[in-house]
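Participant: One line per chain: the protein sequences are A and B, in this order. Take the first sequence: its letter number 51 is residue 65 in my numbering, and every next letter is one higher. Take the second sequence: its letter number 216 is residue 219 in my numbering, and every next letter is one higher.
I should point out that these hints are in silico values taken from the structure, not numbers from a laboratory. Cβ atoms here follow ideal geometry from the backbone N, Cα and C, with glycine treated the same way. Don't take every hint at face value.
Said to hold, decoys possible - Selected chain A positions facing chain B (Cβ under 8 Å, derived; list incomplete):
no.	residue
1	Pro33
2	Thr60
3	Gly85
Said to hold, decoys possible - Derived Cβ-Cβ restraints for the label pairs, each shown as a range:
no.	chain 1	residue 1	chain 2	residue 2	range
4	A	Ala41	B	Leu180	16 to 22 Å
5	B	Val198	A	Phe56	33 to 39 Å
6	B	Ala278	A	Leu53	28 to 34 Å
7	A	Ile68	B	Leu180	44 to 50 Å
8	A	Ala72	B	Val266	24 to 30 Å
9	B	Gly169	A	Ala54	16 to 22 Å
10	A	Ala72	B	Arg195	52 to 58 Å
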Amino acid sequence: MSDATPAISTAGPDTIELPSIPLAQIAPWALFFGLVALLALFFISTDQGATSLISGTAIHEWVHDGRHLLGYPCH
Amino acid sequence: MTARNILIRGLLAGFIAGIFGFLVAHQVGEPHVEKAIALEEAGSADEAEAPEEHGHDEGTAHEHDAEEAGGAAHEHSHGEEAEVSRGNQRTWGLLTGTLIVGTALGGLIALISAAAIGRIGRLRPAASTALVTAVGFVSFALVPFLKYPAAPPAVGSGDTIGERTGYYFIFLAISVLAAVAATFLARHLLGRVSVYASVVIGAGAYLAVVVLAAIAMPTVNELGDFPADTLWYFRLSSLFTLATIWGVIGVVLTGLVGRLDTVATARAERRELAASI
Chain A
15 MSDATPAIST AGPDTIELPS IPLAQIAPWA LFFGLVALLA LFFISTDQGA
65 TSLISGTAIH EWVHDGRHLL GYPCH
Chain B
4 MTARNILIRG LLAGFIAGIF GFLVAHQVGE PHVEKAIALE EAGSADEAEA
54 PEEHGHDEGT AHEHDAEEAG GAAHEHSHGE EAEVSRGNQR TWGLLTGTLI
104 VGTALGGLIA LISAAAIGRI GRLRPAASTA LVTAVGFVSF ALVPFLKYPA
154 APPAVGSGDT IGERTGYYFI FLAISVLAAV AATFLARHLL GRVSVYASVV
204 IGAGAYLAVV VLAAIAMPTV NELGDFPADT LWYFRLSSLF TLATIWGVIG
254 VVLTGLVGRL DTVATARAER RELAASI
């Protein structure tokens, strides 16, 4: 990545300004999406196997090969 | 650069990674899954009494149901009367799995990368994103795989699925928490000792925790007389699938974040230049 700053930069090498995103801005995204993502991972990896939120075997059977090949304990 | 910008790029990277993960899993992994299922069906005659063992003393009704869903029901799942045909399991089912896992991981990596930007030493956004993905792969996929490797169909008894799942996720949690703690430790040391020393100490601390946890936690070995070559190729292909998903997320997201950074930097420079005139 080229981050060559032209001559207008007067700052020394120790004070290269680094962008950062305020954590307060990330928090709501992290909270909401984090929950959705963990739930999605749970349904693919574990539901209707060792534990079950939705009864039946349809999800387990549908993602069966994915569970095996992604390394989750399937059965 | 905003949380939203980066999350969207992470989801995109994850979706692409899911497609590549599916291609690798389907082309490299499925032949070994098929072989394992053939072995499972050949051996299922003498395992016919296995589901009966579920009838041990009644735990809570819910847990018992769950066990049956995973254990007993599975015994017949690959036969003619299967709920989902093998044709669907190895194509659309597998694709569903890799796409959802890829997209979810991509989003999570993006959010962690967003928080890491500008906060890990003097790394530029693309570099810190690549680092987050690499640490994620090692702690979330590679290390748990080394302790509790993927098991092909026909390996593992339905009676121990609860235990094995528990061990896997406990070890996964230890590994991820240790990686997070080690990263904070290295970052904390950064101002005090050299970059080299802080990275070595951080990595060493992570290694110490996961090695101790791996020694302390029980080993799962339910292989029986499952053929070693099929097992080896199955596990290798499983690792290839995981590496593909994480690798593609890393490459795509790092590229996209790098471009965001370049654009943002150029815009800031133009503004600075305009202000100085």
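Participant: Take the hints in turn and mark each one as holding or not.
Facilitator: We went through each hint and held it up to the structure:
no.	hint	verdict
1	Pro33	5 Å, holds
2	Thr60	6 Å, holds
3	Gly85	4 Å, holds
4	A:Ala41 x B:Leu180: 16 to 22 Å	20 Å, holds
5	B:Val198 x A:Phe56: 33 to 39 Å	38 Å, holds
6	B:Ala278 x A:Leu53: 28 to 34 Å	47 Å, violated
7	A:Ile68 x B:Leu180: 44 to 50 Å	28 Å, violated
8	A:Ala72 x B:Val266: 24 to 30 Å	45 Å, violated
9	B:Gly169 x A:Ala54: 16 to 22 Å	20 Å, holds
10	A:Ala72 x B:Arg195: 52 to 58 Å	55 Å, holds
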